[in-house]
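Engineer: Sequence:
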Amino acid sequence: MQEFEAWRVKDLESRNKREKEWYSMREAAKIEAKQKALEREQQLERRKAKKKAKEKEEAKKKKEEKQAKKEKKDLEELERRAKIAEAAAARRERGKPNDAEAELAKLIKEAKQGLEKPEEASTEAEPSGVPAKAPAESKSLENGIIVLDDE
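Using UniProt numbering, you'd call the opening residue of the sequence shown number 1 and step up by one each time.
In case anyone wonders, no lab produced these hints; they're calculated from the structure. Note that CB positions come from ideal geometry on N, CA and C, so glycine has one too. Some clues are possibly wrong.
Said to hold, decoys possible - Derived CB-CB ranges, DEER-like:
#1 K63 to Q42: 43 to 49 Å
#2 E21 to R46: 32 to 38 Å
#3 R47 to R15: 30 to 36 Å
As the list claims (entries may be wrong) - Within a straight-line C-alpha distance of at most 27 Å, the following computed BS3-like cross-link-like pairs (lysine-lysine) qualify:
#4 K56 to K73
#5 K17 to K30
#6 K73 to K63
#7 K48 to K70
#8 K34 to K56
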């Protein structure tokens with residue numbers, strides 16, 4: 001019986017040893033599975049972060065391109081407006097006298113010539129019998145006032 005008891009004790013010890021090994025292997029497998037899951041999750045998070053950073057970079061690049069395009073468009077609009085303003089100023093300058101004093105002297109001179117020869121302009125008649133009108137830009141002196149005819 002002692003033999004049986006010794007065998008039983010050895011058997012229990014070996015069974016306990018196998019169970020401990022099996023339990024430790026099972027625990028190691030669980031820990032390994034948790035680590036793999038954690039690694040996958042971290043890898044997924046890194047991919048998401050990388051993707052998000054890439055999307056953010058693309059959005060930033062798109063925004064910069066859009067801003068550059070807008071600035072270019074604004075610059076073109078500014079240049080267009082400057083050209084229009086320049087052309088308008090040139091048109092105004094062509095219509096204006098270059099020197100106010102020179103223009104005044106010219107008007108006075110024309111007024112004096114108008115006093116000396118007022119009858120010549122009014123007596124000239126066209127073949128149809130209608131008196132000739134002075135050009136639209138002509139100036140005349142009426143009662144000492146220079147009048148510009150705008151017809």
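Engineer: Against each hint, give a clear statement of whether it holds in the structure.
Structural biologist: Taking the hints in turn, this is what the structure says about them:
| no. | hint | result |
| --- | --- | --- |
| 1 | K63 to Q42: 43 to 49 Å | violated (31 Å) |
| 2 | E21 to R46: 32 to 38 Å | holds (36 Å) |
| 3 | R47 to R15: 30 to 36 Å | violated (47 Å) |
| 4 | K56 to K73 | holds (25 Å) |
| 5 | K17 to K30 | holds (20 Å) |
| 6 | K73 to K63 | holds (15 Å) |
| 7 | K48 to K70 | violated (32 Å) |
| 8 | K34 to K56 | violated (32 Å) |
Violated hints for the displayed structure, listed by number in ascending order: 1, 3, 7 and 8.
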